[in-house]
Amino acid sequence: PSLPPGPPVRISAVTQPLPTQPQYTRVDQAILRDASAQRSNGRVQVTLSTHAERNLAGNEIVRLVRSGQVEIGAGTLTTLSGDVPILDGVDLAGLAPDIADAKRIAEAIIPVANRDLERFGVRLVALYPFPAQVVFCRTPFTSLSDLRGRRIRTFGNSLVDYFTALGAQPVSIGFPEVYSALERGVVDCAITGTGSGAAARWPEVTTHVSAMPVSWAVAGYMVNLAWWNRLDPQVRTFLEATMKEVSDAQWALGEAATRDGIDCNIGRAAECRIHSVAARPMTEVVPTDADRAETRRIFREVVLPGWIRRCGARCGEVYNETIAPISGVRFGG
Amino acid sequence: MSGAVGPAPAPLRAARALRRGTAAAAALMAHIAGWAYVAGALFITFDIVARSFLGFSSQATVEVTGYLLAGGIAWSLAHTLFRRAHIRVDVFVSRLPVRIRAPLHLFSLALLTAMSILFAWAAWELVDESALFQAHDNSALHIEMVWPQGIWAVGISAFVVACLVLMLEATLVLFCGRGAALDGLLGSRTLEDETEEALEAVAMAHEGDKR
Amino acid sequence: MIAIVFLLALLGVTIFAAATTGQALPIAEILMLIGVFLLFFGSGVYIAAVLGALGVLTGLMFSDRPWWAFLGQTLWAPSSNFVLVAVPLFLLMGEILLRAGLSDRLYRALNVWLNRMPGGLLHTNIVSCAVFSAISGSSVATAATMGSVALPYFQDTKYSQRMVLGSLAAGGALGNLIPPGITFIIYGLITETSVGALYIAALIPSILVTGLFILVILAHGLRSPMQKPEPLPLGMKIRALAGLIPTVLLILLVLGSIYGGFATPTEAAALGVVGAAAFAALEGKLTFRMLNASAEATARNTALLGLILFGAYLLNYTLTLINVPQALAALIADLPIPPWGIMLCIIALYIALGTFMEGFSLIITTVPVVFPIVVALGYDPIWFGVIVTMLVEIAQISPPDGTVMYVLQGMRKRAGPITDVFIGVMPFLGAYLLAVLLLMIFPGLALWLPSVMG
Ligand code: NA
Ligand code: NA
Numbered sequence: 002p003s004l005p006p007g008p009p010v011r012i013s014a015v016t017q018p019l020p021t022q023p024q025y026t027r028v029d030q031a032i033l034r035d036a037s038a039q040r041s042n043g044r045v046q047v048t049l050s051t052h053a054e055r056n057l058a059g060n061e062i063v064r065l066v067r068s069g070q071v072e073i074g075a076g077t078l079t080t081l082s083g084d085v086p087i088l089d090g091v092d093l094a095g096l097a098p099d100i101a102d103a104k105r106i107a108e109a110i111i112p113v114a115n116r117d118l119e120r121f122g123v124r125l126v127a128l129y130p131f132p133a134q135v136v137f138c139r140t141p142f143t144s145l146s147d148l149r150g151r152r153i154r155t156f157g158n159s160l161v162d163y164f165t166a167l168g169a170q171p172v173s174i175g176f177p178e179v180y181s182a183l184e185r186g187v188v189d190c191a192i193t194g195t196g197s198g199a200a201a202r203w204p205e206v207t208t209h210v211s212a213m214p215v216s217w218a219v220a221g222y223m224v225n226l227a228w229w230n231r232l233d234p235q236v237r238t239f240l241e242a243t244m245k246e247v248s249d250a251q252w253a254l255g256e257a258a259t260r261d262g263i264d265c266n267i268g269r270a271a272e273c274r275i276h277s278v279a280a281r282p283m284t285e286v287v288p289t290d291a292d293r294a295e296t297r298r299i300f301r302e303v304v305l306p307g308w309i310r311r312c313g314a315r316c317g318e319v320y321n322e323t324i325a326p327i328s329g330v331r332f333g334g
Numbered sequence: 030m031s032g033a034v035g036p037a038p039a040p041l042r043a044a045r046a047l048r049r050g051t052a053a054a055a056a057l058m059a060h061i062a063g064w065a066y067v068a069g070a071l072f073i074t075f076d077i078v079a080r081s082f083l084g085f086s087s088q089a090t091v092e093v094t095g096y097l098l099a100g101g102i103a104w105s106l107a108h109t110l111f112r113r114a115h116i117r118v119d120v121f122v123s124r125l126p127v128r129i130r131a132p133l134h135l136f137s138l139a140l141l142t143a144m145s146i147l148f149a150w151a152a153w154e155l156v157d158e159s160a161l162f163q164a165h166d167n168s169a170l171h172i173e174m175v176w177p178q179g180i181w182a183v184g185i186s187a188f189v190v191a192c193l194v195l196m197l198e199a200t201l202v203l204f205c206g207r208g209a210a211l212d213g214l215l216g217s218r219t220l221e222d223e224t225e226e227a228l229e230a231v232a233m234a235h236e237g238d239k240r
Numbered sequence: 038m039i040a041i042v043f044l045l046a047l048l049g050v051t052i053f054a055a056a057t058t059g060q061a062l063p064i065a066e067i068l069m070l071i072g073v074f075l076l077f078f079g080s081g082v083y084i085a086a087v088l089g090a091l092g093v094l095t096g097l098m099f100s101d102r103p104w105w106a107f108l109g110q111t112l113w114a115p116s117s118n119f120v121l122v123a124v125p126l127f128l129l130m131g132e133i134l135l136r137a138g139l140s141d142r143l144y145r146a147l148n149v150w151l152n153r154m155p156g157g158l159l160h161t162n163i164v165s166c167a168v169f170s171a172i173s174g175s176s177v178a179t180a181a182t183m184g185s186v187a188l189p190y191f192q193d194t195k196y197s198q199r200m201v202l203g204s205l206a207a208g209g210a211l212g213n214l215i216p217p218g219i220t221f222i223i224y225g226l227i228t229e230t231s232v233g234a235l236y237i238a239a240l241i242p243s244i245l246v247t248g249l250f251i252l253v254i255l256a257h258g259l260r261s262p263m264q265k266p267e268p269l270p271l272g273m274k275i276r277a278l279a280g281l282i283p284t285v286l287l288i289l290l291v292l293g294s295i296y297g298g299f300a301t302p303t304e305a306a307a308l309g310v311v312g313a314a315a316f317a318a319l320e321g322k323l324t325f326r327m328l329n330a331s332a333e334a335t336a337r338n339t340a341l342l343g344l345i346l347f348g349a350y351l352l353n354y355t356l357t358l359i360n361v362p363q364a365l366a367a368l369i370a371d372l373p374i375p376p377w378g379i380m381l382c383i384i385a386l387y388i389a390l391g392t393f394m395e396g397f398s399l400i401i402t403t404v405p406v407v408f409p410i411v412v413a414l415g416y417d418p419i420w421f422g423v424i425v426t427m428l429v430e431i432a433q434i435s436p437p438d439g440t441v442m443y444v445l446q447g448m449r450k451r452a453g454p455i456t457d458v459f460i461g462v463m464p465f466l467g468a469y470l471l472a473v474l475l476l477m478i479f480p481g482l483a484l485w486l487p488s489v490m491g
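Chains as they are written, first to last, in our numbering: chain C, 2 to 334; chain U, 30 to 240; chain E, 38 to 491.
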């Protein structure tokens, strides 16, 4: 896209949790900040920062954007679901077995979610994934059934439901304490993105990593609606195109980083390009068909009803209307 | 009080009684906050024991103890003010003559009052926003955010009341020309009764020791 | 005063860097901060109100954003943060131990061994603070607990009031450095570094700092000699060691639960409270009145920090909104000097900010920005965690603003100006800075143990 000369557009954006994440350096900085400045001949100036730099926890992004502190904000939907429960529905544990499904579901839900969000003065412009959320354990396991009885660090309600249904014991611990909790055996396992685990040096304290995506930590870019509507239409079109490009790059990165994270964790130096390779290689636990079927069952019988109970009957209708045709699982039969 | 000359006029006595009543209520709130911390310690300990030996976990310690902290801070602010424990840098002020020192005491309190009103307003705005969102936390208990945030906002509001009550008395004290009495009302912790308390704690340790 | 000197120096560096890099700089902001700070500082305003007012002014003058619309969230987030729950818990533990007489026994047991050294009782201040720090994760709690125990021992003695207060403040400033420590927990939270590894890395540096403090007192003791107390028979000295047993057991409970895999560092603070109460019960001192008094004191001291936290976070938010920390960090990283020079600048920045900022807000404001620079320069995250903790401790005892010093000032039986504390702490401050310098020259002091212990 390109933009004719005009008054400068200054945008403040708070996107990823940490400045070191590839989602930030490879996409936000490269496209949202640098490419948009270059293509608009310096007319669009995006000031980027991260949650960490702005001292944000991540669950307040909707309020941040709504109150006009920034023009663009991004955060993972599970974390935001306290404020907007329907957002949790995009990323339920066991909903999307692969990233292509996750992407179709995400794209289908944007218009529906915006009906809720626009009431609060915020609009979702793009959704994107982090690397697949997988289980890391400090002792060997070969299938999901081996996780029965283990203490697993989780976050968010749908993962708690999922692991409870597996017979495991979900434990809530803040992310920074997970490393030492795994090291000392306060928990036996923990779930996080394949690449996030590599970045947090979990291979130092765990031995086995599952290759089965439980969820995707889908996140979204939101804009302040009043600002968005006030924009010069040409600028808005330019930004829409930029956000489309950002979204595509994030999905491509999500796919690449998912495999890359596993490869880095299991010490395949040649395939490990995005994250850093583990000094102590882990063992990859390849999911069986039985694991996939069990995940499907738990999703249908436990996770989905649990979410709709928390979110309300309307969420059930929305789910059946927009997500069920893609996931193939209907709520209420 | 050192600045007192003759019996205090009626409005001042009324303001003083009002302050004593408010301080008593504030002390009660702070004790509730303190016991909430004790309860928090027991709750976390129970969670550790349950997780390590009984095979379950409350799944809500992080959130619930976080709310305990927020509520605990807010509900003790007023009491801390009446105990003159909020921190001031009064290196210079304490060396100035009463004529200048007394208005400065009042100025400090006025700025704190203004700040507390801003904080309380912000807290209630937050509660309001959470009500609009019908926001819940992500813990297993799925707590509605207006409750912990509302309790927090009540504590900060009590702090505003405490500031205003002290302002009233301090203004009257100054108006009655008893500026020196402000040291006892607003001066920082160097004063005797403050230190007595630390020694009282040590004395408590010696109770029952046969010495 | 130091704050102002440092800020002016910082301004000098900023202008120098501006001349070399040609960036836009927050010079006006820094000047305004100095001006308002001076004005309020002189008039004795509440710290929280000063910070808050600076925040409001910064927001109104330099930003066109409605920062007030996010103020509720800005204040709510830190006050409901689980990691900070460790703060009242460590304070509560300290209060219970104080009222159970355990800290008193600790002090007496050590005193028997140390009071004949040149400097006498002052050594006991440092060593008992160091031992107490191994149970308590808060500098304020350490200073408050050991201060209230120690101060009566100095009543009607010839000891220099300034040295007494200075040594207790310095001892208190070991509270976070000697594991467990709240600062490490927060640093771990922000940088995703292992708190356990940070604790191990801090061991040798904390022994180093304690040793330097003892040297300071030895020097003072040799310069102004005092009459030594009568020597005690060895048997009596050994029997006195029994006073240390409860403390040692509590250290085992708090640190053991972390390394034994039962609890996270935050949770261990709760175990410490229950353990302290159990010891009080064994001593027959666990009464309702005692717990009630401990609870009230904890509530008050947490609120005192909480109000400062409100002000600090408001200021932090508006400063971040106008990119001051980021601009400063970027500026420092771009200076045309070698990595160690940049590291010295970072350390100078911390010392400058630390003179008037509170420890938590200092870490939370700066680490997210400075950490990537430090890692990019090739410094070890664990090493930097120890350095930052030492700098935060230095901030606690660097005049004019330091919570540890205020707490001690509040405990004095004989009233005196707070400048007594300020002057008394100076030699210890120098020793602390020397330790930071040594750690810069010999990073192995922090990194050797973690590498050996895996
Ligand atoms: Na400590
Ligand atoms: Na300081």
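None of these hints come from the bench; they were simulated from the model. Think of the CB as a built atom: it goes at the ideal place given N, C-alpha and C, for glycine as much as any other residue. A portion of the hints provided could be inaccurate.
[As the list claims (entries may be wrong)] Some, not all, of what chain E presents toward chain U, calculated at C-beta under 8 Å:
id, residue
1, Ser80
2, Val82
3, Tyr83
4, Leu344
5, Phe347
[What the hints assert, rightly or not] If you want the ones that stay clear, here's a sample from chain C, every Cβ over 12 Å from chain U, calculated:
id, residue
6, Ala14
7, Pro20
8, Val63
9, Thr79
10, Ser82
11, Asp84
12, Arg105
13, Glu108
14, Val126
15, Gly150
16, Val161
17, Ala242
18, Met244
19, Ala250
20, Gly268
21, Arg297
Against the structure, the hints:
Checking Ser80 of chain E against chain U by beta carbon gives a least distance of about 5 Å; that is within 8 Å, so the hint holds. At a threshold of 8 Å, the smallest CB-CB gap from Val82 of chain E to chain U is about 5 Å, leaving the interface hint in force. Look at Tyr83 of chain E: its Cβ gets to within about 5 Å of chain U, closer than 8 Å, so that hint holds up. For Leu344 of chain E, the shortest C-beta to C-beta distance to chain U is roughly 6 Å, which falls under 8 Å, so the interface hint holds.
A hinted interface residue such as Phe347 of chain E counts as satisfied when its beta carbon comes closer than 8 Å to some beta carbon of chain U; here the least separation is about 6 Å, so the hint holds. Every CB of chain U is more than 12 Å from the CB of Ala14 of chain C (nearest about 22 Å), matching its label as outside the interface. Under the 12 Å C-beta cut-off, the non-interface status given to Pro20 of chain C relative to chain U holds; the minimum distance is some 25 Å. A cut-off of 12 Å between C-beta atoms contradicts the statement that Val63 of chain C is not in contact with chain U; the least separation is 8 Å.
With 12 Å as the threshold on Cβ separation, the claim that Thr79 of chain C sits away from chain U is violated: the shortest Cβ distance comes to roughly 7 Å. A Cβ of chain U approaches the Cβ of Ser82 of chain C within 12 Å, the least distance being about 7 Å, so the stated non-interface status is violated. Under the 12 Å C-beta cut-off, the non-interface status given to Asp84 of chain C relative to chain U is violated; the minimum distance is some 4 Å. Chain U leaves Arg105 of chain C outside its interface by the beta-carbon criterion, the shortest separation being 26 Å against a cut-off of 12 Å.
No Cβ of chain U comes within 12 Å of the Cβ of Glu108 of chain C; the nearest lies about 25 Å off, and the non-interface call holds. Interface exclusion of Val126 of chain C from chain U stands, the closest Cβ pair being 20 Å apart, more than 12 Å. Chain U draws Gly150 of chain C into its interface by the beta-carbon criterion, the shortest separation being 7 Å against a cut-off of 12 Å. The claim that Val161 of chain C is not at the interface with chain U is violated, since a C-beta of that chain comes within 12 Å of its own (minimum 6 Å).
With a least CB separation of 31 Å from chain U, Ala242 of chain C remains clear of the 12 Å interface cut-off, as annotated. For Met244 of chain C, the condition that its CB be more than 12 Å from all CB atoms of chain U holds, with the nearest at approximately 24 Å. No beta-carbon of chain U is positioned within 12 Å of the beta-carbon of Ala250 of chain C; the least distance is around 29 Å. Once the 12 Å rule is applied to beta carbons, Gly268 of chain C is consistent with being away from chain U; the minimum gap is 32 Å.
Here Arg297 of chain C stays apart from chain U, with its beta-carbon at least about 24 Å from theirs, past the 12 Å limit.
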